[in-house]
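Enquirer: In case you want the letters, here they are:
Protein chains: 2
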Amino acid sequence: MKSQMNIMVKKFGGTSVGSVERILNVAKRSLDCQLLGESPVVVVSAMSGDTNRLVALGDQVFPHHRGPAYDMLVASGEQVSVALVSMAIERLGGKARPYLAHQLGIFTDSMHSKARIQKIDTQKILQDIEQGIIPVVAGFQGVDDADNITTLGRGGSDTSAVAIAAALNARACEIFTDVPAVFTADPRLVPKAREIPKLSFEEMIEMAALGSKVLHIRSVEIGAKHGVRIHVRSSFESREGTWVVPEGESMESAVVSSVTHESSTGVITVEPLPKGTEVLAKLFTALASKGIIVDIISQLEIESGQRLSFSVGTDDVVAATGLVREQFGSHVSISTMKDVSKVSIVGVGMRNHPGVAAKFFSTLAQNNVEIHLVTTSEIKVSAVIDRPLLEKAAQSLHSAFGLDQ
Amino acid sequence: MKSQMNIMVKKFGGTSVGSVERILNVAKRSLDCQLLGESPVVVVSAMSGDTNRLVALGDQVFPHHRGPAYDMLVASGEQVSVALVSMAIERLGGKARPYLAHQLGIFTDSMHSKARIQKIDTQKILQDIEQGIIPVVAGFQGVDDADNITTLGRGGSDTSAVAIAAALNARACEIFTDVPAVFTADPRLVPKAREIPKLSFEEMIEMAALGSKVLHIRSVEIGAKHGVRIHVRSSFESREGTWVVPEGESMESAVVSSVTHESSTGVITVEPLPKGTEVLAKLFTALASKGIIVDIISQLEIESGQRLSFSVGTDDVVAATGLVREQFGSHVSISTMKDVSKVSIVGVGMRNHPGVAAKFFSTLAQNNVEIHLVTTSEIKVSAVIDRPLLEKAAQSLHSAFGLDQ
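Residue numbers (my numbering), protein chains in the order written: chain A, 1 to 405; chain B, 1 to 405.
One should not assume that every hint holds.
Output of the computed footprint for chain A on chain B, the stretches with three or more beta carbons under 8 Å from beta carbons of chain A [to be verified]: (1) 17-30; (2) 36-46; (3) 50-60; (4) 79-90.
Non-contacting residues of chain A with respect to chain B, defined by C-beta distances greater than 10 Å in every case (computed) [claimed, not checked]: (5) GLY67; (6) LYS213; (7) SER264; (8) THR285; (9) ILE292; (10) VAL294; (11) ASN368.
With a cut-off of at most 27 Å between alpha-carbon atoms, the simulated DSS-like pairs for lysine-lysine come out as follows [said to hold, decoys possible]: (12) LYS225/A - LYS114/A; (13) LYS114/B - LYS124/A; (14) LYS392/B - LYS359/B; (15) LYS124/A - LYS119/B; (16) LYS338/A - LYS213/A; (17) LYS225/B - LYS198/B; (18) LYS225/A - LYS213/A; (19) LYS359/A - LYS192/A; (20) LYS95/B - LYS290/A; (21) LYS290/B - LYS114/B; (22) LYS119/A - LYS225/A; (23) LYS124/B - LYS114/A; (24) LYS275/B - LYS290/B; (25) LYS213/A - LYS198/A; (26) LYS275/B - LYS95/A; (27) LYS213/B - LYS198/B; (28) LYS192/B - LYS28/B; (29) LYS338/B - LYS282/B; (30) LYS275/B - LYS119/A; (31) LYS95/B - LYS114/A; (32) LYS338/B - LYS290/B; (33) LYS192/B - LYS114/B; (34) LYS114/B - LYS95/A; (35) LYS124/A - LYS28/A.
It is worth saying that the hints were derived from the structure and are not from the lab. Heads up, the beta-carbon is just placed ideally off N, CA and C, and yes, glycines get one too.
Go ahead and model the full structure; you've got the sequences and the hints to work with.
Expert: Here you go:
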């Protein structure tokens with residue numbers, strides 16, 4: 001029944017609904033799809049700039065406040081765009097119904113500003129579709145058991161869209177955005193970067209974790225878990241972009257499918273720490289309790305104990321250093337790097353191709369790029385390097401792994 | 001129980017929450033009242049300018065659209081101010097809970113953009129008050145049976161506040177606004193205008209109907225029906241303003257309590273119309289069906305049939321004239337006046353004082369103000385006059401009826 005409906009969830013981001021003209025364009029695209037036999041379900045973000053404006057207002061009234069009132073505040077942006085897109089569809093002669101999270105039934109836990117979706121009612125959407133009505137749903141927001149508005153965190157509209165697609169067993173979830181596809185690297189950094197036609201969920205998750213901003217990582221995780229095929233494409237062009245699909249569906253996997261980077265990260269090195277894992281456990285527990293996310297960790301036994309290096313967000317370097325000093329006093333020497341970047345390669349093909357890490361290191365070595373910290377997984381290799389060398393590193397890796405063409 | 005709680009509903013208008021500084025001021029005032037033993041329930045409008053911005057966006061997407069999407073759009077303004085006022089109260093150390101209409105349970109009919117309140121749940125508010133929490137409620141909005149957001153029409157936050165006060169059996173409803181009180185006339189027109197300490201509901205209803213913008217007429221009607229005492233006062237000063245109360249409570253009633261005006265109205269005169277009331281019934285039914293509100297009507301038998309004059313809003317003069325022409329063809333002569341004003345006197349004391357109308361006419365005659373159209377009720381006299389004479393007419397009536405001091 002549901003699959004006969006040919007449901008396509010279409011998520012439009014902030015720039016795609018950033019003006020009256022673009023909102024009318026979203027309405028037209030949705031109606032065109034309906035004419036072609038699709039049953040579109042539209043999910044929208046706030047108009048670009050709106051969420052920033054609301055966050056700034058909130059921060060002026062009560063800095064760093066998080067809770068029901070704050071989520072009510074920032075969720076109002078999606079309320080505006082949902083209403084306007086619905087009106088635009090009606091303006092163009094279609095039928096639309098606007099839904100806020102509480103009206104549809106997008107239930108989440110009560111972790112304000114980073115809530116997780118628990119359940120989505122699909123009954124109203126299915127009724128609308130049967131009547132030729134296009135449901136227009138507010139992304140980013142949910143409702144908890146106490147009827148409070150919750151929000152899913154920045155970029156959460158992607159997550160809303162994929163979760164709705166999963167609940168509806170939709171044919172796919174299309175993410176309309178201001179870039180035409182996912183690229184093999186950031187074209188601003190690597191001019192030879194190319195569009196990737198197909199990616200596996202695993203690769204996309206790694207890329208999102210490693211700094212690619214195209215998709216919100218939670219959305220890809222939900223897509224992977226429920227097998228929702230995600231299509232990242234431009235809201236300003238009609239051609240296809242990048243399909244994110246289960247691994248089996250990918251074309252013959254490239255060994256490396258992309259070079260990803262994060263321009264700004266920080267590294268803290270401490271030595272000598274007392275020996276033993278307990279010491280590390282205590283430190284990382286303390287960092288986590290302050291909300292400091294640790295990315296790469298490298299540990300080495302040395303004569304006088306152990307040497308530890310780890311990377312954190314640039315903004316957290318001072319707090320993390322303070323915490324280390326608090327725990328270990330003046331017995332240790334601490335050095336920090338704030339002006340460093342992270343460059344990574346990602347690809348499911350790595351699993352079956354030995355020597356990828358070796359090639360990664362030798363490429364960087366040939367280009368005189370020193371590595372401060374390294375981490376690897378089954379499908380990625382990451383290194384922290386000096387920021388001025390990031391462009392050279394990314395371009396040479398892109399060439400070395402055959403991504404230039 | 002409820003009255004022991006000493007509940008005061010406090011409504012803050014758009015200018016009172018128009019900036020971060022003013023929002024913090026609203027929070028402070030509410031907390032100060034709590035310290036003095038009151039149980040405040042705060043009702044807020046959208047930040048000044050916000051509703052206009054949203055209406056303009058909506059009109060660009062789909063001009064004149066009215067329905068669930070439009071009401072969802074414009075209701076987002078109150079969502080922002082409710083959230084910010086709640087955050088501000090918490091910032092200053094108090095406890096607050098933000099409520100949108102659907103969260104509290106402000107149920108209305110489904111007449112979008114002019115919905116009427118049918119029922120308000122007070123349970124959550126009463127629970128909050130018992131726990132020392134200040135409920136902060138979105139004015140202007142409601143929710144219908146189908147869980148759609150509705151709105152009450154411009155100025156509807158006054159109505160929300162008085163209806164909430166009625167449901168809670170509150171001690172009073174305070175309307176905080178950008179003027180310190182209701183005046184005997186508009187001070188911009190009549191420099192000798194004074195603040196009115198007490199007014200009856202009936203007088204305030206007439207004044208609102210005759211052009212006073214201080215209170216939304218529906219709110220006064222609800223106040224009158226449920227005996228909710230309304231206190232209009234400045235949100236920037238602490239002194240008292242105007243109390244609107246049941247008639248018995250008024251001080252010895254002034255014969256005339258105020259001079260009210262509308263700068264801009266239109267008059268249409270048609271003759272000769274065929275004799276008979278049926279002709280008039282048909283015409284006014286047709287005008288009503290086009291949404292044209294007719295204010296004053298004057299009819300006179302003449303030799304060739306009847307002569308009819310009636311006043312409508314300036315914007316409706318062209319449409320109304322067209323309709324008259326459509327109904328009566330070229331057999332009648334139609335004359336219109338677009339540059340005219342209406343001046344009125346209001347006072348419950350008129351009931352027991354004959355000669356008020358005579359004094360009204362003679363005052364205008366002495367000042368050479370010609371009257372185009374007149375209407376009277378038990379507690380008011382209104383006349384349509386040339387706009388350039390409005391100031392002189394209002395000032396001379398203000399003096400003649402002893403309002404200068």
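Enquirer: Verify the proposed pairing of LYS119/A with LYS225/A, using a straight-line Cα cut of 27 Å.
Expert: Holds, at about 15 Å.
Enquirer: For a C-alpha distance cap of 27 Å, please report whether LYS359/A and LYS192/A respect it.
Expert: 20 Å, holds
Enquirer: Over 10 Å to the closest beta carbon of chain B is the bar; see if GLY67/A clears it.
Expert: 8 Å, violated
Enquirer: Do the alpha carbons of LYS275/B and LYS119/A lie within 27 Å of each other, as the hint requires?
Expert: Roughly 69 Å separates the two Cα atoms, so the pair is violated.
Enquirer: Taken at face value, is the distance from the CA of LYS213/A to the CA of LYS225/A at most 27 Å?
Expert: 20 Å, holds
Enquirer: With the threshold set at 27 Å, check whether the alpha-carbon distance from LYS290/B to LYS114/B stays at or below it.
Expert: 17 Å, holds
Enquirer: Check the hint pairing LYS225/A with LYS114/A against an upper bound of 27 Å on the C-alpha distance.
Expert: 20 Å, holds
Enquirer: Check the hint pairing LYS114/B with LYS95/A against an upper bound of 27 Å on the C-alpha distance.
Expert: Cα-Cα ~23 Å, so holds.
Enquirer: Counting residues of the segment 17-30 of chain B with a beta carbon closer than 8 Å to any beta carbon of chain A, are there 3 or more?
Expert: As far as the segment 17-30 of chain B goes, the hint holds, because 3 residues have Cβ atoms under 8 Å from chain A.
Enquirer: So is ASN368/A really clear of chain B, every C-beta pair being over 10 Å apart?
Expert: 52 Å, holds
Enquirer: Just want to verify: LYS213/A was marked as not at the interface with chain B; is every Cβ pair farther apart than 10 Å?
Expert: 27 Å, holds
Enquirer: Please verify whether LYS192/B and LYS114/B have alpha carbons no more than 27 Å apart.
Expert: Status violated; Cα separation ~36 Å.
This entry does not satisfy hints 2, 5, 26, 28, 30 and 33, going by the numbered hints stated previously.
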